[in-house]
Amino acid sequence: MNLSLLIIMPLITAAVVLFCRSTGGIRWVSLAGVSVQLLLSFGLLALYWKERAAGDDATMLFEYRHAWFPSWNIWYHVGVDGISVSMILLTAFVMEAAILVSWSIKSMSKEYFILLHLLSAGAYGFFLSLDLFTVFFFLEVSVIPKFLLIGIWGSGRKDYSAMKLALMLMGGSALVFVGLVGLYYNVGGGHGFDWLAIGQMHMPVEVQRQWFPFLFVGFGIFTALFPFHTWVPDGHSSAPTAASMFLAGVSMKLGGYGCLRVAAFLMPEAAKEYSPVIILLATIAIVYGAFATMMQKDLKYINAYSSVSHCGFILLGIGMLTRTAITGAVMQMISHGLMTALFFAAIGMIYDRTHTRLVQQLGGLLKIMPFVSTVFVLAGLCSLGLPGLSGFVSEITVFMGSWQREGGMYRLATVLACASIVVTAVYILRATGQTIMGPVEKPSYNGLSDATWNERLASILLGAGIIAIGVAPFWLSDLLGPGVRAIMDHAGNAFGIK
Amino acid sequence: MWADIVFAFRQELIVTVIIFLLLVIKIRSAEYGTEVILRLVNLLLLVNFILGFFTGPDSSWFSGMFHTGRLVVLEKNMLNLGTLIISLQGYEWLKGHRQVFEFYMLLLATLLGFFFMISAGNLLMFYLGLELSAIPLAALASFDLEKRRSSEAAMKFILSSAFSSGLLLFGISLLYGATGTLDFGGIAARLDGSAFQLFAFILVLSGFGFKISAVPFHLWTADVYEGSPVAVTAYLSVISKGGVFFIFIVTLYTVFRPLAGNWYSILVLLSVLTMVTGNLFALRQDNLKRLLAFSSIAQSGFILAGITGSSRGGEASVIYFILVYIFSNLGAFGVVSFVSARTGKESIQDYRGLYATNRWLSWVIAISLFSLAGIPPTAGFFGKFFLLMAGAGKGNYVFIIIAALNMIVSLYYYLRVVKAIFMDSQPEPIGKLKIPVMSNIAFAVCVLGIIMTGLVGEIYEYIYSLSKGF
Numbered sequence: 001m002n003l004s005l006l007i008i009m010p011l012i013t014a015a016v017v018l019f020c021r022s023t024g025g026i027r028w029v030s031l032a033g034v035s036v037q038l039l040l041s042f043g044l045l046a047l048y049w050k051e052r053a054a055g056d057d058a059t060m061l062f063e064y065r066h067a068w069f070p071s072w073n074i075w076y077h078v079g080v081d082g083i084s085v086s087m088i089l090l091t092a093f094v095m096e097a098a099i100l101v102s103w104s105i106k107s108m109s110k111e112y113f114i115l116l117h118l119l120s121a122g123a124y125g126f127f128l129s130l131d132l133f134t135v136f137f138f139l140e141v142s143v144i145p146k147f148l149l150i151g152i153w154g155s156g157r158k159d160y161s162a163m164k165l166a167l168m169l170m171g172g173s174a175l176v177f178v179g180l181v182g183l184y185y186n187v188g189g190g191h192g193f194d195w196l197a198i199g200q201m202h203m204p205v206e207v208q209r210q211w212f213p214f215l216f217v218g219f220g221i222f223t224a225l226f227p228f229h230t231w232v233p234d235g236h237s238s239a240p241t242a243a244s245m246f247l248a249g250v251s252m253k254l255g256g257y258g259c260l261r262v263a264a265f266l267m268p269e270a271a272k273e274y275s276p277v278i279i280l281l282a283t284i285a286i287v288y289g290a291f292a293t294m295m296q297k298d299l300k301y302i303n304a305y306s307s308v309s310h311c312g313f314i315l316l317g318i319g320m321l322t323r324t325a326i327t328g329a330v331m332q333m334i335s336h337g338l339m340t341a342l343f344f345a346a347i348g349m350i351y352d353r354t355h356t357r358l359v360q361q362l363g364g365l366l367k368i369m370p371f372v373s374t375v376f377v378l379a380g381l382c383s384l385g386l387p388g389l390s391g392f393v394s395e396i397t398v399f400m401g402s403w404q405r406e407g408g409m410y411r412l413a414t415v416l417a418c419a420s421i422v423v424t425a426v427y428i429l430r431a432t433g434q435t436i437m438g439p440v441e442k443p444s445y446n447g448l449s450d451a452t453w454n455e456r457l458a459s460i461l462l463g464a465g466i467i468a469i470g471v472a473p474f475w476l477s478d479l480l481g482p483g484v485r486a487i488m489d490h491a492g493n494a495f496g497i498k
Numbered sequence: 001m002w003a004d005i006v007f008a009f010r011q012e013l014i015v016t017v018i019i020f021l022l023l024v025i026k027i028r029s030a031e032y033g034t035e036v037i038l039r040l041v042n043l044l045l046l047v048n049f050i051l052g053f054f055t056g057p058d059s060s061w062f063s064g065m066f067h068t069g070r071l072v073v074l075e076k077n078m079l080n081l082g083t084l085i086i087s088l089q090g091y092e093w094l095k096g097h098r099q100v101f102e103f104y105m106l107l108l109a110t111l112l113g114f115f116f117m118i119s120a121g122n123l124l125m126f127y128l129g130l131e132l133s134a135i136p137l138a139a140l141a142s143f144d145l146e147k148r149r150s151s152e153a154a155m156k157f158i159l160s161s162a163f164s165s166g167l168l169l170f171g172i173s174l175l176y177g178a179t180g181t182l183d184f185g186g187i188a189a190r191l192d193g194s195a196f197q198l199f200a201f202i203l204v205l206s207g208f209g210f211k212i213s214a215v216p217f218h219l220w221t222a223d224v225y226e227g228s229p230v231a232v233t234a235y236l237s238v239i240s241k242g243g244v245f246f247i248f249i250v251t252l253y254t255v256f257r258p259l260a261g262n263w264y265s266i267l268v269l270l271s272v273l274t275m276v277t278g279n280l281f282a283l284r285q286d287n288l289k290r291l292l293a294f295s296s297i298a299q300s301g302f303i304l305a306g307i308t309g310s311s312r313g314g315e316a317s318v319i320y321f322i323l324v325y326i327f328s329n330l331g332a333f334g335v336v337s338f339v340s341a342r343t344g345k346e347s348i349q350d351y352r353g354l355y356a357t358n359r360w361l362s363w364v365i366a367i368s369l370f371s372l373a374g375i376p377p378t379a380g381f382f383g384k385f386f387l388l389m390a391g392a393g394k395g396n397y398v399f400i401i402i403a404a405l406n407m408i409v410s411l412y413y414y415l416r417v418v419k420a421i422f423m424d425s426q427p428e429p430i431g432k433l434k435i436p437v438m439s440n441i442a443f444a445v446c447v448l449g450i451i452m453t454g455l456v457g458e459i460y461e462y463i464y465s466l467s468k469g470f
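Listed in order, the protein sequences are those of chains A and B. Just so it is clear: in the first sequence, position 289 is 289 by our numbering, and no numbers are missing. Just so it is clear: in the second sequence, position 427 is 427 by our numbering, and no numbers are missing.
The set of hints was computed from the structure by calculation and includes no laboratory data. No residue lacks a Cβ here, since even glycine has one placed at the ideal position from N, Cα and C. Treat the hints with caution; some may be incorrect.
Unchecked claim - Below, a sample of chain B positions facing chain A; criterion: calculated Cβ distance under 7 Å: (1) F370; (2) F399; (3) F422; (4) M423; (5) P427; (6) I459.
Take these sequences, add in the hints, and give me the full structure.
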């Protein structure tokens, strides 16, 4: 399969949207575009299974190389393994849902949809890239669309949030850039930026020790690494619904994916050395994020802070460096991506109708809009890790993997992370109880309508993903298996952990 | 023989022909409309640009005074393209100006000076070219004849320019004293790093520092940029700077090559100072012209970072970046120039809510600013990436970290403008402006250039293949 199609498709959609005249046309073209992307990503999944079933055990499948800047040894180089296929599926799901819930956007809808398509093109490109230059390129591509989406269509302190997000993410990519330059000149062997080739070289430990922090922290900022998580609550809360969904659902995963691939794969020895620091920061993020969420009164802030906490599990899993923990981390990326997108979609639907996101001003929504409320509850239950939903599967995998790492500190971190689930249950159940259950807070809410067809479709899509992973996690773990195995085969000795 | 000369000098000759053509028309004071003149000049510049694509072998004329080759022709063509874009953008402003003839004569004389300067193989030739461009530039700076600020700008420019020329000349004379020759190759062969030669080098470097507005020689920049007509400001910040950078590389990489150990750390220091100062001052500006002036100082810092790489990649990345910079900066200046010509508004506050009324203009300036900030997929991203990659080639990573931090600072002030345009509103926004065809062509060229120069890798590779390097 020609993987570049996945990058080109959103661009074509954006180009067609540019020439649409009516708002309806823009919406339908966008929907058609993302639906084609969804089909493409399912096609990719099928082809991937077929290829693996046929016994192809190469690390990356469907590779394509094209010299871009030969004098710098920079290539356009794409390829996928199970991990990237699952991330691409996640992106396609979230994009489809994001377009569906944006149906009611009226002001400057053309720009809005174009920016969303550019965002998704960047995300696809990032997950497909096998060259560090293009990884960096696609990482930065998304900064400006995010800035504009939040700044123009956002709510609340949108100027502040947009600027903060743009500058902090730019800071993250500046660190990544320094790390890349350092690798380029210190690895030797003329490998340029090809990270598969660099990975095979096993860099000297001193080089790894020097450049690992740049890359890890740089990517970490994108995934809310404590103490660089502060853009997350503001950014996610101010963004319009679809942008929040994409930001929390996909963009934050760029960081986790980058941490796993670039940092842990390229520099396993350094990852081992720094793993106590990573685990410490991740644990702080998990616990702090959970407690900070308890204090929030705005539904979007609740979900944004809980994202900090949940993304902590991703970093915890990566930091633990055991096979199970890394599998769990990737599962958590997918699960959190779907869950948080669904949560933001539900919050958006509630906000569109009641024009408030404050928990105190809501109540008894189940009586008025049963579908929206059910979606909200489903997302909440997934967030607190109810068995049968994806959150449970991914978190339990992270915990089991973490427990495999022996040592007092690691055990303590695991216990603390597990304990945070209780706090999660407290804030989720409290928020759900106040907004969904109880008497109707304001008489004016009585006449509100339930979800429209497009909102229902978006919710069902994301909800189906959550349940599919929750009920039958094996298909996801089978998909991730070879990718994680490749990482462990490559780095397992360095990790020194079975 | 004659055919060879004509071919080697074709770009200079065409520019000279345009100047004389204008002169003849002016003397005979024929009743040509301003628009006819504008179209004629633009057409001839276009012809010159197209002729620049026909390349010949490297050759050297007048006992090494004048060099030409594919790289030099490319560089001249870049400057020519930039001048053409400025001329198209200035169409609106010039149409209402009484002295269009004089404007073009001065402008083209400057361009001619830069052409000779880039081709120089001898310090005398280099200096002649530089002065040929400096004096008309001062006249151009005062071309808003009714404005006092414009005259003030011209005065500041001529004083600082004369001062820097003085330093340069002093340095050149000392070099002549030290080596007994003015030929680039000859000087390089006789340099041994004695204190006397280093002193001469510092003087020459200071002269260059003024021209490229490197800190601490930047003080004239903001005032002159603010006072001059926007078209002239654009010319100063892009063409003048680009031309000087071209010859600066040649000087450093060939003439002062034996002193490379000495100039490396000086340049790193200059680069850091220039970036940091330019960015910090730009943060506080509300006038867009001043903001772009300080941002262009900061960009000079980045270009210097690429030069410190002292490698073939370094040279290629600098030339490539200047091409990118021509498109990006002219895109931004073009919009500012157009809005200023129509409404007289130049501050960030005035631009609030621009997007609601002028979508195309807003996107042009936004894309240009993103490119200046180095955000992909614009060409600025590739330009900055390669400059800093080249700069890191010597293993000085602290320097690269400082540069990377500067990228974040610069993003802030570029985004401030974008924020004002797209997100803010005001009671009386700039109304809907009708854009003439000429300006639209120029904007389209800039946007297309910004997008294509980066994504099409062959452009960089072509420049790389021509670069001689260190």
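Results for each hint:
1. F370: 6 Å, holds
2. F399: This interface hint is violated because 11 Å lies over the 7 Å limit.
3. F422: Given a least distance of 6 Å, the restraint on B/F422 holds.
4. M423: At 4 Å from the nearest chain A Cβ, B/M423 passes the 7 Å test, so the hint holds.
5. P427: Nearest chain A Cβ about 18 Å off; hint violated.
6. I459: 10 Å, violated
In the structure shown, a violation is registered for the earlier hints numbered 2, 5, 6, in ascending order.
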